[in-house]
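Colleague: Okay, here's what each chain looks like letter by letter:
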Amino acid sequence: MKPVIVVHGGAGRIFKDREEGARSGVTRAALKGYSILKEGGNALDAVEEAVTSMEDDPHFNAGYGSVLNEKGEVEMDAIIMDGKNLASGAVSAVKCIANPIKLARLVMEKTEHMLLTDHGASLFAKAMGVPEIPGEKLISERSRERWSKNLEPDSNPHEFKKDPGTVGAVAIDNEGNVACATSTGGLTNKLVGRVGDSACIGSGGYADNHVGAISTTGHGESMMKVVLARLILYHMEQGMSPVDAADTALNYMKTRVGGLGGVIVVSNSGGWAARFSTKQMSWATVKDDQLQYGIYTGEIHTSSVIESK
Amino acid sequence: MGTKPVLVVHGGAWAIPDEFAERSILGVKNAVKNGFAVLEMGGSSMKAVEIAVRALEDDAVFDAGHGAVLNADGYVELDAIIMNGKTLAAGAVSCIRNISNPVTFACSVLEKTPYVMLTGTGANQFAEKLGIPQVPVEELVTDHAKAEWEQYRKYKQTVKSLFNTELVHDTVGAVAIDCEGNMACATSTGGITNKMVGRVGDTPVIGSGGYADNLVGAVSATGHGESIMKVTLARLILFHMEQGKTPEEAADSALHYMERRVHGRGGVIVVSKTGEWTARFTTKRMAWAGIKEGVLMYGLNPGETIQEIIKPSK
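As they're listed, the protein sequences go chains R and E. Each residue of the first sequence is one higher than the one before, starting from 1 at the first, in the working numbering. Each residue of the second sequence is one higher than the one before, starting from 1 at the first, in the working numbering.
Next comes chain R alone, as it looks inside the complex:
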């Protein structure tokens, strides 16, 4: 099986000044994940590495650079899933750690549970020796700016809510195993304790070796209402291609619940898709040593991996 990785840096409206950062962030993440796959590494490691790279990148709404809740704090959700045995780990409303996706992986591998939240997630992080970092270290200038703008009485929160940033990755390795990973800081100025799709299996992501893997981004509540990731795989089980499955599901989400979003898909035969009903979604993929990436609908840049290094 030729390994494939696809990553996204969020679907929504990417402000012009953020475009370059988004493009370079997703390409960097995809190349990092791909180098693991190229050396015979597994899909789980590849998606974790790609998402970690974007959590560390303040251009994205995950880890460092996460948006702030109404109290001005960073609260994060993340999920990782192994398509081989449907194992999964997730965290919701976790604070003061740099890489929620790594903690999600620890939940999957070191506990008999699949989702830890809030205080319990922090206790577990401590028990696992995950360094606790002061919350302020995760706050970027931009996140703080947006948070205070939204507090102003004449603010237009919808304008800023459009600025996306949830990150994710899907991959298939040379043994044909698929995996997905998704991580986010959620919605800016959200109520403390609000959990979106990114921590919810079937909504923020799903991976099954029998079909494929998905990571989603966009309006969290809408994706939860249609259990978007699982819905796309359901269409693929019925014979649709990744592109058709993604478009059908995104269109359903728009008409049924009025929500927009984006998804990345990899099928168990190595096919892939990056589709979105929003204006933009930063994405990148590497397959056969070829890198492709884009932000706007129909935009695809191609280069060889060797050139991109």
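There could be a bad hint or two in this list.
[Said to hold, decoys possible] Not the full set, but computed from the structure, chain R residues with beta-carbon under 10 Å of chain E:
1. Met-81
2. Ala-93
3. Leu-115
4. Asp-197
5. Cys-200
6. Met-224
[Unchecked claim] Now the in silico label distances, taken between C-beta atoms and shown as ranges:
7. R:Lys-16 to E:Gln-125: 35 to 41 Å
8. R:Gly-298 to E:Lys-284: 53 to 59 Å
9. R:Glu-70 to E:Lys-146: 35 to 41 Å
10. E:Lys-146 to R:Thr-297: 57 to 63 Å
[Unchecked claim] Short, incomplete list of chain R residues facing chain E, as computed with Cβ under 7 Å:
11. Cys-96
12. Asp-118
13. Leu-123
14. Lys-126
15. Val-192
16. Arg-194
17. Val-195
18. Ile-201
19. Gly-202
20. His-235
21. Val-257
22. Gly-258
In case anyone wonders, no lab produced these hints; they're calculated from the structure. Idealized CB from N, CA, C, for every residue including glycine.
Starting from the known structure of chain R, arrange chain E on it as the hints suggest.
Modeller: Frame of chain R; chain E shown alone:
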């Protein structure tokens, strides 16, 4: 009035011991009658499932609200979900403390916020803002839950062994279709004994612990939470029904898939958009009860269905 209303409830899928059998049956019968009274008067499926699940939460024989099991710290942490099949709107709460009726709080999340899910401390703060009374944990804890917790801490039993012997209390839930054809589901739980602090199972995760869609049907699930999540059980059953399977075929198909693929057992209650319904389980027992067209059906053991004609309430 177009549709004949239906309400089905469950009180958990596990090896319910004989000492709880009678109370469990009484509990589900009581809850289904309470919920069905709402439908009979032309009330909504949302209201009906909320009332039914409240009755189960208030009944200490079930692992939800009062009677909930204890986490590793000896505390009670609760999860719940409610979903509106017409709009696909949902409200869910995870890991909340000191609240008697998590299902009602989940309903508030749906009605009073633009969100689907609230968790932990933030959720509790919001409850306070809404004026939902905080009850001391002692009010929610039963002697039995405490004794079980002490036993498991003493012998350090793992989740695996718990489910192999199925010595675990379980979740409660309800599904309904009202006279306008609107569907709803609700599920509520205290989780599993001695779970890690902050552990969230299938119950509040949309598509796993429950799902409702007027175009297909409504499901509430119970059993081994992690297994239910791995196969997104509620949504899976509805996928099968979209393909033409009956509720019973869809439920059995999905439950057997869960057993084969991830070695997990559980139970579900399902109602279809045409008012057909079923209660199926792969565990040793599941307490369930359903009312439709003046007939109450209930059961506990595999293959068991007992029927009673009921008079409509005045």
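Colleague: State for each hint whether it applies.
Modeller: Against the structure, the hints:
1. The beta carbon of R:Met-81 is positioned within 10 Å of a beta carbon in chain E (closest approach about 9 Å), and the interface hint is therefore held.
2. Given hint, R:Ala-93 at the interface with chain E, holds; its Cβ is 5 Å from that chain's nearest Cβ, closer than 10 Å.
3. With a cut of 10 Å, the hint placing R:Leu-115 at the interface with chain E holds, because the nearest CB-to-CB distance is about 4 Å.
4. Annotation: R:Asp-197 was flagged as interfacial toward chain E, and the flag holds, the nearest CB pair being 8 Å apart, inside 10 Å.
5. About 5 Å separates the beta-carbon of R:Cys-200 from the nearest beta-carbon of chain E, less than 10 Å, and the hint is met.
6. Annotation: R:Met-224 was flagged as interfacial toward chain E, and the flag holds, the nearest CB pair being 5 Å apart, inside 10 Å.
7. Distance hint check for R:Lys-16 and E:Gln-125: the Cβ-Cβ separation is about 38 Å, which falls inside the suggested range of 35 to 41 Å.
8. For R:Gly-298 and E:Lys-284, the hinted distance range of 53 to 59 Å is satisfied, since their beta carbons lie about 57 Å from each other.
9. Evaluation of the 35 to 41 Å hint for R:Glu-70 and E:Lys-146 yields a pass: the beta carbon distance comes to about 37 Å.
10. Range check, E:Lys-146 to R:Thr-297: Cβ separation about 58 Å, and the 57 to 63 Å hint holds.
11. Annotation: R:Cys-96 was flagged as interfacial toward chain E, and the flag is violated, the nearest CB pair being 14 Å apart, outside 7 Å.
12. Among the interface hints, the one on R:Asp-118 holds; its C-beta lies about 3 Å from the nearest C-beta in chain E, closer than the 7 Å criterion.
13. With 7 Å as the threshold, the beta carbon of R:Leu-123 comes within range of chain E, its nearest partner Cβ sitting at about 6 Å, so the hint holds.
14. Of the supplied interface hints, the one on R:Lys-126 is violated, with its beta-carbon coming no nearer than about 11 Å to a beta-carbon of chain E, more than 7 Å.
15. Against a cut-off of 7 Å between C-beta atoms, the interface hint on R:Val-192 holds, since the closest Cβ of chain E lies about 3 Å away.
16. A least Cβ separation of about 5 Å between R:Arg-194 and chain E falls short of the 7 Å threshold, and the interface hint therefore holds.
17. A cut of 7 Å between beta carbons decides the hint on R:Val-195: the least distance to chain E is about 4 Å, and the hint holds.
18. Below 7 Å, beta-carbon pairs count as interface contacts, and R:Ile-201 has one with chain E at about 5 Å; its hint therefore holds.
19. About 4 Å separates the beta-carbon of R:Gly-202 from the nearest beta-carbon of chain E, less than 7 Å, and the hint is met.
20. Evaluation of the R:His-235 hint against chain E yields a violated restraint, the C-beta minimum of about 10 Å exceeding 7 Å.
21. At a threshold of 7 Å, the smallest CB-CB gap from R:Val-257 to chain E is about 6 Å, leaving the interface hint in force.
22. About 10 Å separates the beta-carbon of R:Gly-258 from the nearest beta-carbon of chain E, more than 7 Å, and the hint is not met.
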